[in-house]
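*Asks:* The lines below spell out each chain.
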Amino acid sequence: MITRLILSDRGSRWLFAVLIAAAVLVPVGNLLVPAGSPLHIPTYTVTLLGKYLCYALLALSVDLIWGYCGILSLGHGAFFALGGYCMGMYLMRQIGGRGVYGNAELPDFMVFLNWQELPWYWYGFDMFPFAMLMVLLVPGLLAFVFGALAFRSRVNGVYLSIITQALTYALMLAFFRNEMGFGGNNGLTDFKDILGFSLQADGTRVALFLASCLALGLGYLACRYLVTSRFGRVIVAIRDAESRARFVGYRVERYKMWLFTFSAVLAGIAGALYVPQVGIINPGEFAPLNSIEVVVWVAVGGRGTLFGPVLGAMAVNYAKTYFTAALPEVWLYALGLLFVLVTVLLPQGIVGLLGRLRLRRRTSETTAATAEAP
Amino acid sequence: MLARTFLGRLALGWLLAVCLLPAAALADDFAERVAALNAGSFAEKQAAADAVAASGHPSAVAVLKALLDGKLHAAPDGRVLIVGADGAVDAASGEPVDAVAGSSRIVINNRMRAGLRGLIAQLSLGHPDAEVRLQAVRDMLPAMDAAAAAQFREALATERDDTVRDLLESGLALVDLDADDPAVRLAAVQRLDGRLNPTVRARLQAVADSDADPQVKAAAAAALKRIEGKLQRYRFVETLFFGLSLGSVLVLAAIGLAITFGVMGVINMAHGELIMLGAYTTYVVQQLMPQHLGWSLAVAVPAAFLVSALVGIAIERGIIRFLYGRPLETLLATFGVSLLLQQAVRSIFSPLNRTVATPEWMAGSLAINPALSITYNRLYILIFSLLVFAALLVVLKRTSLGLKVRAVAQNRAMARALGVRSARVDALTFGLGSGIAGVAGVALSQLTNVGPNLGQSYIVDSFMVVVFGGVGNLWGTLVAGLSLGVVNKFLEPYAGAVLAKILVLVFIILFIQKRPRGLFPQKGRAAEA
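Quick mapping for you: the protein sequence lines, in order, are chains Z and L.
Per our numbering, the first sequence starts with residue 1, numbered consecutively.
Per our numbering, the second sequence starts with residue 1, numbered consecutively.
In isolation and in its complexed conformation, chain Z is listed as follows (with noise of 0.2 Å):
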């Protein structure tokens, strides 16, 4: 079935070639090729390119959603970041006494706040298979019950973004409150390791990229086969003509609501990854901005279609990378053109540009064919 999936498919095909070759070649690049040859690829790279990798997943939760079900989410950042915190709490609680203040009981700003012992919510953490458990079930018990809220009242359309966008603004003025027990502005950060290992050391660096590239590959699959299936075709029917489905039978809100739970449940997983490689998660993840952000990752892409969003992601993020290290006036301008170029001329992004070219040319293969042929 696994064969099925990725082979049905020529995105698939290719997404899957290219990820397991990345699997393959940056660990040995980066481990196994002196630091010196040219052939070697930093460990500044590989993290890089790990980033790189959790974005996509990201981007393909909120194609999972905007693609197949029309649900246009605004605030599947708030998912993203609700992951990462999981995470960086874990991170946190293994910082125990090598903290600036030496407390192993108690983070370092919770000490700086004059915090006498830890709040219950952080209970737990220490261990990572609770916080990884977490990691999952946060942001998907908050977009069941938002889900479960909305789509039943049948907020849609436009209204439901804006209140997806007013969902992850509240969470982000909640999060900058010190008062919340997460490090208001500053976030969780001077992480040490994770699961005994140094994050600092190359090996876990790699190890990182590696896991989340298993976990794009995995989500991949496990979206492909959500789409493919007769859940996946509901969906779509949904999409098209939401009141047809619901009068043919089908419990809109249900499907609806499973849809955007499991996909925020793949957001959060993106974010538990993320934190460990860039070190750091604080509430601008929350901020409109950056939920905007991966919906125009998705819209570059090609919404509709799994592979796009991750290549979108891909894209735009190393456009970023570049940009704002070689012209960083000019970045803004070039994400506010794309934002508007994309949506007027390329409604379905990259991928829907190749297959426009592919169609040309073989229908002016075709014409030149017949055009020889008498």
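It is worth saying that the hints were derived from the structure and are not from the lab.
All values reported here derive from a predicted model rather than from experimental measurement.
You can trust all of the hints, since none of them are fake.
Here are some, though not all, of the chain L residues that point toward chain Z, as calculated from beta-carbon distances under 10 Å:
| # | residue |
| --- | --- |
| 1 | Ile-267 |
| 2 | Phe-322 |
| 3 | Leu-328 |
| 4 | Leu-332 |
| 5 | Met-464 |
| 6 | Ile-502 |
The calculated SDA-like cross-link candidates involving lysine to any residue, where the alpha carbons are at most 20 Å apart (straight line), are:
| # | chain 1 | residue 1 | chain 2 | residue 2 |
| --- | --- | --- | --- | --- |
| 7 | L | Lys-501 | L | Leu-447 |
| 8 | L | Lys-501 | Z | Gly-184 |
| 9 | L | Lys-501 | Z | Met-180 |
| 10 | Z | Lys-320 | L | Ser-347 |
| 11 | L | Lys-514 | Z | Gly-157 |
| 12 | Z | Lys-320 | L | Gln-343 |
Built from N, CA and C at the ideal position, the CB exists for glycine as well.
Could you slot chain L onto chain Z? The hints should help.
*Replies:* Just chain L now, kept in the frame of chain Z:
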């Protein structure tokens, strides 16, 4: 009340003008009188002080006060200086001077002190400006004695201003609180009932705590309680005003959006940036006419309307018209535009905040009583937003453009069939909505920092207001904006500013679940479109 302070300002201006005309002659004479203060004997000093008081010079009070506070120094070269914590000024001319070595304090004795207090009070209480008199009485209240009471009585005989009279009577009652006869004290407590001055409250508290007579004590406690109740009511009014002020800002920011989003179904994420453009237009206008700050806002309002409207029309013609019927795509494209506008402003004006000056007529505040004062800028902006709302309503309901806009919004195909050029109407509607955003920017420039991120901070709020009020309904926007502002301000004392905002957001999210079409949903076929 408004008229009184206004007249007060006029009087002050007139006074200044009168003082400036014969300034030279007056100054010389005044300088001589001030120099005479550095005399050998206390009697001579007292005579000199009387002369200074009689000069009628505007800084006479300042000089006498300095003498009373021991800040008046005599320099070896005969000049007299007022030495404060932040440097010295020449007492006669009021010009700053360098501290002179070897200058000594002009010493006075207790008898002179009493005389000086009387002179200062007399000067201030007889001042033609009611504002100055009021301040003088207020300053004297904490240290009332028999001498001050005598002066108060004298002032009461001629005083015409009700507020000043009121305060003078409070002062007399305060003196009576020290009387030996409990009946007098009781009467004084009763006269002080309901007065909001902090000194009165402190004295009543003292009486309620420790008066020898239980009846007086009880009366004071009761009076205090009534004053507290009154204060509570004023605090309520004040919070209500702050809430309405915040609400009016929200309405201003959201009302343009209500048109583009509500009437046209277009989601304009660049709306915040159009507000920002309006604020920057104000800045540019002020740079262009630095001599006429008072008029700058009057010029800025139409200018900002034009700038934002033109940019809005450009956005509509260049981008949005290709995207009608695809609301989510419009959202993304206009978001791109917002990034472009932000970056453009950063490139042109620098990423730092610009300062927009507040014209004099908007500065200051309207003090209704000691417990309640209302800042002018917020008051004007509240009025302004209501005016903008009314104007918009008139445009939509009473003009041919408004008729066409509503027709296109209700049924595009039918309107076109009847000869409405829908493309032109779309552009104009978008221009109107954008122009109002620009006007909102002018108002916001008086309240917050003008920077490239100005728009971003309002966009989420504006959407909330429109969605809460019900899309396509201007009255809904007004009610939603004002009520959200008021709710926010009433929550703030209990929850803090940030938490209040979060609570409001959560409330809206939940509210939308209950009523997905807002407070005032559109009815009929339009609702299905």
